[in-house]
Amino acid sequence: MSKKFAWAVLVLVTVALIAAGCGGTTAKKDAFPTTNINGTIAWGAGGGTDNVMRTLAPIAEKQLGKSIVLSNKPGAAGAIATQYVYDQKADGYNLLMNAENPQLYQILGLSKLSYNDFEPILLAVQGSTVIVVPKDSPYKTLDDLLKAAKANPGKLTIGISGVGGQPYVTAAILKKVEGVTFNPVTFDGDGPLVTALLGKQLDVTGLAVGAATQYIKNGDLRALAVMATKQNPAIPEVPAITQLNPAYQDVLKASGFFYGVWVKKGTPEDVIKKLTDAYMVAYKDPKFQEYAQKNGLTLMGLTDKEAKDFAAQWQSQMAWLIYEAGGAKESPEKFNIPKPAK
Amino acid sequence: MFNGLEGFLIPLTSLELIAYIAAGVFVGIYVGAIPGLSVTMAVSLLISFTFSWDVLPALCVMIGIFSGGVYGGARSGILLNIPGAPAAVASGFDGYPLAKMGLAGEAMGLSTTQAVIGEFFGIIILCLFAPLIAKLSILFMPRDYFLLAFMGMFLVGSLTEGGSLIKAMITAGLGILVGLIGMDPETGQGRMHFDTGYLLGGINFVIVMIGTFGISEALVQLQDKVEPVKQQVTRIRPTWEVIAKNIPLTLRSSTIGVIIGALPGTGGDIAALMAYDHAKRTVKNPHPKPFGQGAYQGLIAPESACSAAIGGAIIPMMTLGIPGDAVTAVLIGALIIHGLRPGPMLMREQPEFFWVLVGALFVSNIFLYIFGMTGIRIFTKIVEIPKSVLIPIIVVLTIIGGYSIQNSIADIYWMIGFGILGYFLKRYNYPIAAMVLGVILSPIIDTNFRRGVAMEHGSVSAFFGNMLTSPISLTLIFIMVATAFMQSSYYDKISDKLFKRTNK
Chain A
1 MSKKFAWAVL VLVTVALIAA GCGGTTAKKD AFPTTNINGT IAWGAGGGTD
51 NVMRTLAPIA EKQLGKSIVL SNKPGAAGAI ATQYVYDQKA DGYNLLMNAE
101 NPQLYQILGL SKLSYNDFEP ILLAVQGSTV IVVPKDSPYK TLDDLLKAAK
151 ANPGKLTIGI SGVGGQPYVT AAILKKVEGV TFNPVTFDGD GPLVTALLGK
201 QLDVTGLAVG AATQYIKNGD LRALAVMATK QNPAIPEVPA ITQLNPAYQD
251 VLKASGFFYG VWVKKGTPED VIKKLTDAYM VAYKDPKFQE YAQKNGLTLM
301 GLTDKEAKDF AAQWQSQMAW LIYEAGGAKE SPEKFNIPKP AK
Chain B
343 MFNGLEGFLI PLTSLELIAY IAAGVFVGIY VGAIPGLSVT MAVSLLISFT
393 FSWDVLPALC VMIGIFSGGV YGGARSGILL NIPGAPAAVA SGFDGYPLAK
443 MGLAGEAMGL STTQAVIGEF FGIIILCLFA PLIAKLSILF MPRDYFLLAF
493 MGMFLVGSLT EGGSLIKAMI TAGLGILVGL IGMDPETGQG RMHFDTGYLL
543 GGINFVIVMI GTFGISEALV QLQDKVEPVK QQVTRIRPTW EVIAKNIPLT
593 LRSSTIGVII GALPGTGGDI AALMAYDHAK RTVKNPHPKP FGQGAYQGLI
643 APESACSAAI GGAIIPMMTL GIPGDAVTAV LIGALIIHGL RPGPMLMREQ
693 PEFFWVLVGA LFVSNIFLYI FGMTGIRIFT KIVEIPKSVL IPIIVVLTII
743 GGYSIQNSIA DIYWMIGFGI LGYFLKRYNY PIAAMVLGVI LSPIIDTNFR
793 RGVAMEHGSV SAFFGNMLTS PISLTLIFIM VATAFMQSSY YDKISDKLFK
843 RTNK
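So the protein lines, in turn, are chains A and B. Mapping the first sequence onto the numbering used here, position 329 (from 1) lands on 329, and the numbers just tick up by one. Numbering-wise, the numbering used here comes out as the position in the second sequence, counting from 1, plus 342.
Chain A with its partners taken away, still in its complex shape (with noise of 0.2 Å):
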């Protein structure tokens, strides 16, 4: 009896279970947000992405008067929380919280969604890399370590996070402009490329500025070069590469990485409004600003047409870089992605 009771108890929860999961959140239109938000972090926890947006987040919600719920849901470089958030109602009470990575799924075979299935609703900051060498490394400057690459091409070992990911794009610009190549080994992000590089594995990796700071301040690793147009203000005394050689300055238009808030395409107007002023109540708060510059992060602060050009430019330019490269799976042009203009 007490069996069947048991039973009859699981298959009810499962049931109540499945059902509280499919059911979504019904809106109304005129008084938006009537319910709480749903924020979904395309990356780890603890990740970068991941740190911007539990920043802006809290003081995003205060705006609008209602919570935004944020999660996690990591893996396949962000595909996976992009196709869960494009699968949702464009009604905007589910965002995606992104990086740069959906401007280049298509062509690396991940998804078959970009940002063009999205409004921005914020790219709050842009991040660079910078080029770094273990500290007793012979190469003190890039053209050194651009010298020895000439000289045993592909022997030198460079750390990647995965292809199309920033140190393999850093790779790429510099075969493109100098023809140089690496040997590129796979590590899972800045933490392990640090850890590999301190033990000296590595002979060059790129890192985030905000990653490395530390590291180069402190003597444990030599940074070569910024990959940005300008200097970093988290680490001045690092030249940009395009003040070593202004042929990186058209490459380096539209690059580096950078992290935002999407909502579906499709998603009405004044909703997208609402949100967006909100995040930039956010964004202009002194406790982000203070937080992106402790951590290299390059205020950006785009919304609406300016977002959507950005994120255009970057993918035109990245896109064929990577394509050039012979990153990707599938050419930029099956997709409408332009040539970057010259």
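Keep in mind the hints are simulated off the structure, nothing from the lab. Worth double-checking, as some hints may not be accurate.
Unchecked claim - With a cut-off of at most 25 Å between alpha-carbon atoms, the simulated SDA-like pairs for lysine to any residue come out as follows:
1. A:Lys3 to B:Tyr755
2. A:Lys294 to B:His680
3. A:Lys155 to B:Phe791
4. A:Lys287 to B:Ile821
5. A:Lys294 to B:Pro686
6. A:Lys4 to B:Val571
7. A:Lys200 to B:Leu357
8. A:Lys66 to B:Asn749
9. A:Lys253 to A:Lys287
10. A:Lys294 to B:Arg690
11. B:Lys723 to A:Leu10
12. A:Lys200 to B:Phe492
13. A:Lys329 to B:Asp788
14. A:Lys155 to B:Lys729
15. A:Lys3 to B:Arg533
16. A:Lys294 to B:Leu398
17. A:Lys217 to B:Val397
18. A:Lys3 to B:Phe492
19. A:Lys200 to B:Val725
20. A:Lys112 to B:Tyr540
21. A:Lys4 to B:Tyr540
22. A:Lys253 to A:Asp304
23. A:Lys4 to B:Gly759
24. A:Lys4 to B:Arg533
25. A:Lys287 to B:Lys729
26. B:Lys729 to A:Asp304
27. A:Lys112 to B:Arg533
28. A:Lys3 to B:Val725
29. A:Lys112 to B:Leu481
30. A:Lys264 to B:Ile747
31. B:Lys477 to A:Gly154
32. A:Lys176 to B:His799
33. A:Lys329 to B:Asp537
34. A:Lys217 to B:Arg690
35. A:Lys176 to B:Ala796
Fit chain B to the given chain A structure using the hints.
Chain B in isolation, oriented as in the chain A frame:
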């Protein structure tokens, strides 16, 4: 290293901070005990929650949860045979049989004492040898991680519940396959994902764990008419004799815990499994019953190892700014939001912060003992609850826990699927722990093999050849060969002759 030592007293002298730590430990134990609800998750939820707080109270709550959660996982492993966290998988091997003998109270008492001893050991190592161990940990090359995980695979031999090594190897092989699903670590190419985006990210190993342990255990218990065992709760504090006799094992296991915890690529889960394996191979006279049937030693080893791994994981976090495991990765993120980036600069500019953290760990460990010991009587009541009430609760908690890992409904389906698979594996005496082992270890073996070969410019022979010239690799190979050799019959013969042992 001892600059800023005064920071140690900050958490000890502030009633407010002590209260935050105590609250953290308390919550941590219960979060840890629920399968699927993990410390990592609790700490990342706290990031938003403590956003507007000062950094010290926030840190204290998180450290408390860290300590409590790592320990709490063993509770459900012992009582229900469902580990609350990956680090507690090994704690159930002997903890659950002990509970079945009516010794749940004593088992939990022992696990508490050992966790506290292990964590203290970890803290002491953290204080004395942090820079040294940090230096060692960055010297571990991909090939060494490969060897380490390969060594972990030896554990399959310890998991043969019914005595059949073949069955253990079959389930381990299954686990290895599941662990390889998803993106190729080098090229990003999808593997065994059947062109669905949902499998591209792989199957989370915690999902596999709570499915094969949690759901399947519920199914097994539904089928078997096992009456709840009346638990003796007259004695929960383990006798001094049991603790004293096993101090060498505790120290060896804690050392394994600290080192595995300090390596950036491995954490408490692997430490606990390796310590269990170590205990099973070295302890000749387990008490009161053989391993797998209720041996104190089978509980002592994993418990002290996974708690010692806490101190270990904090070593690279504080000295190098590199996370030692998943929890410290989130902890670093939390501190960054509060304006502190752990690492060499912080150690130089604010050395007292390191000692504040050590102090918080110290206080949390005291509360671990207090809450751990006082909660046992209530916890033992859980096993006395009628099955018709208990099992639905377990299933609900398991499903909630499974969902909350990646907020994915697909994960629940996987969990139920693995639960049904686990049920049949259990029915036919295939050890399910071997499967979880495969899922945990295969990505480490795979990634580090690929990475190591790439570092040798694609030469597999150089990858293996260089193992013979590196001291770390050679040590690992030596341990492996010695372990295998000591199990063989040759060893007994030779040692008998060498040491002229006659009374064997």
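Results of checking the hints against the structure:
| no. | hint | in the structure |
| --- | --- | --- |
| 1 | A:Lys3 to B:Tyr755 | 24 Å, holds |
| 2 | A:Lys294 to B:His680 | 11 Å, holds |
| 3 | A:Lys155 to B:Phe791 | 19 Å, holds |
| 4 | A:Lys287 to B:Ile821 | 52 Å, violated |
| 5 | A:Lys294 to B:Pro686 | 16 Å, holds |
| 6 | A:Lys4 to B:Val571 | 21 Å, holds |
| 7 | A:Lys200 to B:Leu357 | 45 Å, violated |
| 8 | A:Lys66 to B:Asn749 | 20 Å, holds |
| 9 | A:Lys253 to A:Lys287 | 29 Å, violated |
| 10 | A:Lys294 to B:Arg690 | 17 Å, holds |
| 11 | B:Lys723 to A:Leu10 | 22 Å, holds |
| 12 | A:Lys200 to B:Phe492 | 24 Å, holds |
| 13 | A:Lys329 to B:Asp788 | 23 Å, holds |
| 14 | A:Lys155 to B:Lys729 | 64 Å, violated |
| 15 | A:Lys3 to B:Arg533 | 42 Å, violated |
| 16 | A:Lys294 to B:Leu398 | 19 Å, holds |
| 17 | A:Lys217 to B:Val397 | 24 Å, holds |
| 18 | A:Lys3 to B:Phe492 | 44 Å, violated |
| 19 | A:Lys200 to B:Val725 | 53 Å, violated |
| 20 | A:Lys112 to B:Tyr540 | 13 Å, holds |
| 21 | A:Lys4 to B:Tyr540 | 35 Å, violated |
| 22 | A:Lys253 to A:Asp304 | 20 Å, holds |
| 23 | A:Lys4 to B:Gly759 | 22 Å, holds |
| 24 | A:Lys4 to B:Arg533 | 42 Å, violated |
| 25 | A:Lys287 to B:Lys729 | 52 Å, violated |
| 26 | B:Lys729 to A:Asp304 | 57 Å, violated |
| 27 | A:Lys112 to B:Arg533 | 18 Å, holds |
| 28 | A:Lys3 to B:Val725 | 17 Å, holds |
| 29 | A:Lys112 to B:Leu481 | 41 Å, violated |
| 30 | A:Lys264 to B:Ile747 | 24 Å, holds |
| 31 | B:Lys477 to A:Gly154 | 29 Å, violated |
| 32 | A:Lys176 to B:His799 | 22 Å, holds |
| 33 | A:Lys329 to B:Asp537 | 15 Å, holds |
| 34 | A:Lys217 to B:Arg690 | 11 Å, holds |
| 35 | A:Lys176 to B:Ala796 | 22 Å, holds |
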